[in-house]
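Asker: Residues per chain are reported as follows:
Protein chains: 4
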Amino acid sequence: MNGQTSAAAAEKHNSYEHLPDNHPRHLIPSLCRQFYALKWVTGTGGGVAMKYDDCYYLAPSGVQKERITAEDLFVLREPTDEEQQDPTINTSNSLLPDTPIVTVSSPPASKRYTASQCTPLFFSAFSLRQAACCIHTHSQAAVLITLLYQKEFKITHQEMIKGIRIGSTKNNYQFYDTLRIPIIENTVRIRQYTFSSHADDDNRRSR
Amino acid sequence: MNGQTSAAAAEKHNSYEHLPDNHPRHLIPSLCRQFYALKWVTGTGGGVAMKYDDCYYLAPSGVQKERITAEDLFVLREPTDEEQQDPTINTSNSLLPDTPIVTVSSPPASKRYTASQCTPLFFSAFSLRQAACCIHTHSQAAVLITLLYQKEFKITHQEMIKGIRIGSTKNNYQFYDTLRIPIIENTVRIRQYTFSSHADDDNRRSR
Amino acid sequence: MNGQTSAAAAEKHNSYEHLPDNHPRHLIPSLCRQFYALKWVTGTGGGVAMKYDDCYYLAPSGVQKERITAEDLFVLREPTDEEQQDPTINTSNSLLPDTPIVTVSSPPASKRYTASQCTPLFFSAFSLRQAACCIHTHSQAAVLITLLYQKEFKITHQEMIKGIRIGSTKNNYQFYDTLRIPIIENTVRIRQYTFSSHADDDNRRSR
Amino acid sequence: MNGQTSAAAAEKHNSYEHLPDNHPRHLIPSLCRQFYALKWVTGTGGGVAMKYDDCYYLAPSGVQKERITAEDLFVLREPTDEEQQDPTINTSNSLLPDTPIVTVSSPPASKRYTASQCTPLFFSAFSLRQAACCIHTHSQAAVLITLLYQKEFKITHQEMIKGIRIGSTKNNYQFYDTLRIPIIENTVRIRQYTFSSHADDDNRRSR
Chain A
1 MNGQTSAAAA EKHNSYEHLP DNHPRHLIPS LCRQFYALKW VTGTGGGVAM KYDDCYYLAP
61 SGVQKERITA EDLFVLREPT DEEQQDPTIN TSNSLLPDTP IVTVSSPPAS KRYTASQCTP
121 LFFSAFSLRQ AACCIHTHSQ AAVLITLLYQ KEFKITHQEM IKGIRIGSTK NNYQFYDTLR
181 IPIIENTVRI RQYTFSSHAD DDNRRSR
Chain B
1 MNGQTSAAAA EKHNSYEHLP DNHPRHLIPS LCRQFYALKW VTGTGGGVAM KYDDCYYLAP
61 SGVQKERITA EDLFVLREPT DEEQQDPTIN TSNSLLPDTP IVTVSSPPAS KRYTASQCTP
121 LFFSAFSLRQ AACCIHTHSQ AAVLITLLYQ KEFKITHQEM IKGIRIGSTK NNYQFYDTLR
181 IPIIENTVRI RQYTFSSHAD DDNRRSR
Chain C
1 MNGQTSAAAA EKHNSYEHLP DNHPRHLIPS LCRQFYALKW VTGTGGGVAM KYDDCYYLAP
61 SGVQKERITA EDLFVLREPT DEEQQDPTIN TSNSLLPDTP IVTVSSPPAS KRYTASQCTP
121 LFFSAFSLRQ AACCIHTHSQ AAVLITLLYQ KEFKITHQEM IKGIRIGSTK NNYQFYDTLR
181 IPIIENTVRI RQYTFSSHAD DDNRRSR
Chain D
1 MNGQTSAAAA EKHNSYEHLP DNHPRHLIPS LCRQFYALKW VTGTGGGVAM KYDDCYYLAP
61 SGVQKERITA EDLFVLREPT DEEQQDPTIN TSNSLLPDTP IVTVSSPPAS KRYTASQCTP
121 LFFSAFSLRQ AACCIHTHSQ AAVLITLLYQ KEFKITHQEM IKGIRIGSTK NNYQFYDTLR
181 IPIIENTVRI RQYTFSSHAD DDNRRSR
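Read top to bottom, the protein sequences are chains A, B, C and D. Residue numbering for the first sequence follows this note's numbering, beginning at 1 and increasing consecutively. Residue numbering for the second sequence follows this note's numbering, beginning at 1 and increasing consecutively. Residue numbering for the third sequence follows this note's numbering, beginning at 1 and increasing consecutively. Residue numbering for the fourth sequence follows this note's numbering, beginning at 1 and increasing consecutively.
Treat the hints with care, as some may be off.
[As the list claims (entries may be wrong)] Chain A side only, calculated, beta carbon under 10 Å to chain D, not exhaustive:
id: 1; residue: Gln34
id: 2; residue: Tyr36
id: 3; residue: Lys39
id: 4; residue: Thr44
id: 5; residue: Arg67
id: 6; residue: Glu71
id: 7; residue: Ala141
id: 8; residue: Asn186
id: 9; residue: Thr187
[To be verified] SDA-like, lysine to any residue: derived pairs with alpha carbons at most 25 Å apart:
id: 10; chain 1: D; residue 1: Lys111; chain 2: C; residue 2: Arg180
id: 11; chain 1: B; residue 1: Lys39; chain 2: A; residue 2: Gln64
id: 12; chain 1: D; residue 1: Lys162; chain 2: A; residue 2: Thr114
id: 13; chain 1: B; residue 1: Lys39; chain 2: A; residue 2: Leu27
id: 14; chain 1: D; residue 1: Lys39; chain 2: C; residue 2: Val104
id: 15; chain 1: C; residue 1: Lys170; chain 2: C; residue 2: Arg180
id: 16; chain 1: C; residue 1: Lys162; chain 2: D; residue 2: Gly43
id: 17; chain 1: A; residue 1: Lys170; chain 2: B; residue 2: Ser61
id: 18; chain 1: C; residue 1: Lys170; chain 2: D; residue 2: Arg67
id: 19; chain 1: D; residue 1: Lys162; chain 2: A; residue 2: Arg112
id: 20; chain 1: B; residue 1: Lys111; chain 2: A; residue 2: Pro20
id: 21; chain 1: B; residue 1: Lys154; chain 2: B; residue 2: Cys133
id: 22; chain 1: D; residue 1: Lys170; chain 2: D; residue 2: His157
id: 23; chain 1: C; residue 1: Lys154; chain 2: D; residue 2: Thr137
id: 24; chain 1: A; residue 1: Lys162; chain 2: B; residue 2: Gln117
id: 25; chain 1: B; residue 1: Lys151; chain 2: B; residue 2: Gln140
Bear in mind the hints are in silico, worked out from the structure with no lab data behind them. Ideal placement from N, C-alpha and C gives every residue a C-beta, glycine not left out.
Please model the entire structure based on the sequences and the hints provided.
Answerer: See below:
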């Protein structure tokens, strides 16, 4: 009875060179460089997280996003029922106090990296909305929208909204649909935003 | 009596490394990365198609344009007269119901890629206007122009319009000429736009 | 009595790999890619020319600037007195009807490239103003300035003007100086602009 | 009694290939290319300096920032007490007349590079404010701010100010704090700006 899956098993190796280009260990650093060039994540600001197989891959906090390497990711996974009852297995994580979780891999201790303060927010998106990937952006365009509108940004009659899923359904917005993005006031420290059950509230932005 | 030409023959190989840099197998992925950097094709949006020798090369639909590889292209060609009368040769394509066409090559089945919904539009440009290459863009500049003008965007006294052919002639616009770009309302699904016989109507944009 | 110099001698080789990175054969293609990324030269528009030792290196006309390779350059040099009197040496060039010039090297004939129509303009800058490098740009910023101002664009109190030489002197503009850039109406075909003897008229732009 | 430390010792080698990617010899050229792409340092304008271990690394003056190589840096360090009393050791530098300093390494003499005129300004930041890295920028955004405001630019309620230290403390600005950036009139030549003892005056800009 082994809780290991292919993604977790891949983490047992000491290097990541054997993994394909589209594995999160390579894809997240590649996307971070790409998003940096697009000015979506600026230096240490912003973050990216991804679910792959049964593992969650998270970029570290406060690290230049354009310089993240494969070894710099935090990898977490949900414990099996057996693991949850095994006292020798650590299933607690201070960033996720209410969620049993196993730390599969961390960056080298010498780098002293910490997981993003957005981790609980990312996990809300993973668990409540079946998200497969999250981006936490401070792009100037996203910030400007929150300054132009008070409660909500709406957009319609744009082809590009066809790339966005409606809530946690498998359907995408259509050209004539209206995409509504709630604007929520920021707090000094990122707290755990709980996602509501209303599909239209899924795309949230803080300044 | 062999319908094969050099371009179609090149497709018989299992790899594309032997082809020169300016062959569509390499040029289209390279241009897609370049157009992505220019924000002309954004992620899965937009598309590129090219005619080379007797083959048509099309980027797949819904794939990150900046990550397309040589094997990801669809390659089509017109059948010879003999092939059209040979019942063992498939000359039908659901995207081009009125055009006999042979599928020379498709992306690996494991990738489950589909040809662009713009395929009929691209083929109208190829057949009715002798286009050699098509780009389907969602650049912000192109979209903004359709919001600023209702029916047509006109521009003159600009050196850069000298790079654009007048309709399907071999002549280019001159500095003092006026380039007119029709603006056509978008539809929920891309339908087959038929090109008119009026040269000035050649450059069309949907939002 | 050999008119050959080191730059011309370097052109006798069949390849350019042995030349250093800052040789025009490598520097011009590298700068063209860089200027394309900056949107200073857009595709086939614009051009670059450079004087190095006793040779003039010119980018070809109508070629995608971001895809120029070392072999794509035209290399010209002024003939020696002896060469000018030697009927076996061709010292004429249709683009420079009044200037005896020797063609040291051209792109491979199979590419059918032609030298830039700006060649006479570049040579006016080389001969009348002792320019060492010329850029012919269609950047949106440069074009917009010609639309905002009628006869002249002036700028002062900017650190960056310290990078610009005053006419053909060895002195640069200072922070408090005023840089004046004449705006000259474009013509359908690029004609030979003759540079005036007034230092302030050196920086010219056409739309 | 050897004043040598690890950083200075690394400079004894003839090449820099053995140094890690994040060593200033590699990091400064890499950041200069990155900052050039961001249009923070434009060609020969602007500069970067960094303190690492006991050495100061400075980009050369008037050199294309995007083309700086590892060997192009100036490396300085403070002399030990013994070195200061040793007449055979040169501890003077014309750019830092009041500061005893040892030149650990300079670019190859054949390149004729000079240290940045900003060197005294960088050293004020290093010594008076415990800065670890300095950037001298001519970005259009920075210049525009000095044209929009007279004496000071203030910004608050922005996540990105959390990346900036408060004066020479170890604390960073918080979301609700106000970051104040003084605007100081430029002079023809960069003179030694002396940093005041008021923490809020730490971030200075000249046009």
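Asker: Tell me if the straight-line CA distance from C:Lys170 to C:Arg180 falls inside 25 Å.
Answerer: Given pair C:Lys170, C:Arg180 holds - Cα atoms ~18 Å apart, limit 25 Å.
Asker: CA of A:Lys170 to CA of B:Ser61, is that 25 Å or under?
Answerer: The hint holds at about 18 Å.
Asker: Taken at face value, is the distance from the CA of B:Cys133 to the CA of B:Lys154 at most 25 Å?
Answerer: holds, 22 Å
Asker: Classify the hint on A:Gln34 as holds or violated, based on whether any CB of chain D lies nearer than 10 Å to its CB.
Answerer: violated, 13 Å
Asker: Report holds or violated for the interface hint on A:Asn186, using the least CB-CB distance to chain D and a cut-off of 10 Å.
Answerer: Holds, about 6 Å.
Asker: Does A:Thr114 sit within 25 Å of D:Lys162, going by the straight-line distance between their CA atoms?
Answerer: holds, 17 Å
Asker: Classify the hint on A:Lys39 as holds or violated, based on whether any CB of chain D lies nearer than 10 Å to its CB.
Answerer: holds, 8 Å
Asker: When you check the alpha-carbon spacing of B:Lys151 and B:Gln140, does it fall within 25 Å?
Answerer: holds, 18 Å
Asker: Hey, C:Lys170 versus D:Arg67, does the alpha-carbon distance stay inside 25 Å?
Answerer: holds, 23 Å
Asker: Check whether the Cα positions of B:Lys39 and A:Leu27 lie no farther apart than 25 Å.
Answerer: holds, 20 Å
Asker: Minimum Cβ distance from A:Tyr36 to chain D below 10 Å?
Answerer: holds, 9 Å
Asker: Within a Cα-Cα threshold of 25 Å, do D:Lys162 and A:Arg112 meet the stated pairing?
Answerer: This hinted pair holds, its Cα atoms lying about 19 Å apart.
Consistency note: the structure conflicts with the earlier hints numbered 1, 6, 7, 10 and 14.
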